[in-house]
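**Q** Next come the chains, spelled out residue by residue.
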Amino acid sequence: GQQVMQIPQYQHVQEGEDFTTYCNSSTTLSNIQWYKQRPGGHPVFLIQLVKSGEVKKQKRLTFQFGEAKKNSSLHITATQTTDVGTYFCAGQRGLNAGGTSYGKLTFGQGTILTVHP
Amino acid sequence: DAGITQSPRHKVTETGTPVTLRCHQTENHRYMYWYRQDPGHGLRLIHYSYGVKDTDKGEVSDGYSVSRSKTEDFLLTLESATSSQTSVYFCAISPGANWNSPLHFGNGTRLTVT
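Protein chains in written order, with the working numbering: chain F, 1 to 117; chain G, 1 to 114.
Hint data in this document are derived by calculation from the structure and do not stem from the laboratory.
Note that the Cβ used here is the ideal one computed from N, Cα and C, for glycine as well.
Sample of chain G residues at the chain F side, in silico, Cβ under 10 Å:
1) TYR35
2) GLU59
3) ALA92
4) ASN100
5) PRO102
6) GLY108
Listing some non-contacts, in silico: residues in chain F with all C-beta distances to chain G over 10 Å:
7) THR27
8) ALA78
9) GLN80
Listed next, with one range per pair, are the computed distances between beta-carbon atoms:
10) TYR10/F / ASN107/G: 20 to 26 Å
11) VAL44/F / PRO8/G: 20 to 26 Å
12) LYS51/F / GLY63/G: 35 to 41 Å
13) ARG60/F / THR17/G: 43 to 49 Å
14) ASN28/G / LYS56/F: 26 to 32 Å
15) GLY51/G / GLN9/F: 32 to 38 Å
16) VAL55/F / GLU14/G: 48 to 54 Å
17) GLU59/G / VAL50/F: 21 to 27 Å
18) ASN28/G / GLU17/F: 42 to 48 Å
19) THR20/F / THR13/G: 38 to 44 Å
Chain F on its own, in the form it takes in the complex:
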């Protein structure tokens, strides 16, 4: 079945340093989504990438989708303590991939980011 691998599992940074998490899928994706979960909270949707080679920015966050639509990355510039949490990627296959009306969404294991002030 489809696998989505995310690295690193943990990342500790000093406030002001940059941070990157990487996501790789074993199959070509229809789209990839990124979520953030604060400690004790629930996952919150950040962004969705659909096009090959797509790059999107949200303030200090930059999201990329690979040319082959099998990998993605999230880069945070100049981390702040408010960036603390777990970042998940989730890859979604096309409608026809699973043979059902649902595009299978598979989450990576997540990267836990801690930021030291």
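Model the placement of chain G on the given structure of chain F, informed by the hints.
**A** This is chain G only, laid out in the frame that chain F set:
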């Protein structure tokens, strides 16, 4: 968030007992999901629903059943709870009209099976 309520928020139960978790939404969205979250595993899909009485299995469905008799309610049942089902359970909805709309999660239910 997005009108999703999960109940209970916390539950401690004994091995072998049945447990039902409830997810309630207020906005009549078609797609609803149950995920479990465990350290090192991310979020794994248990079951999902694409309409009233239309449900299907996810990747970790063994030991779980679901029901959706009304659009607004999606129930997850552990017929006979085991310690391996100790986890945090999240319900999610897909608010968009399309199958690839991103998910909105509820606040979660922390279940402990002793």
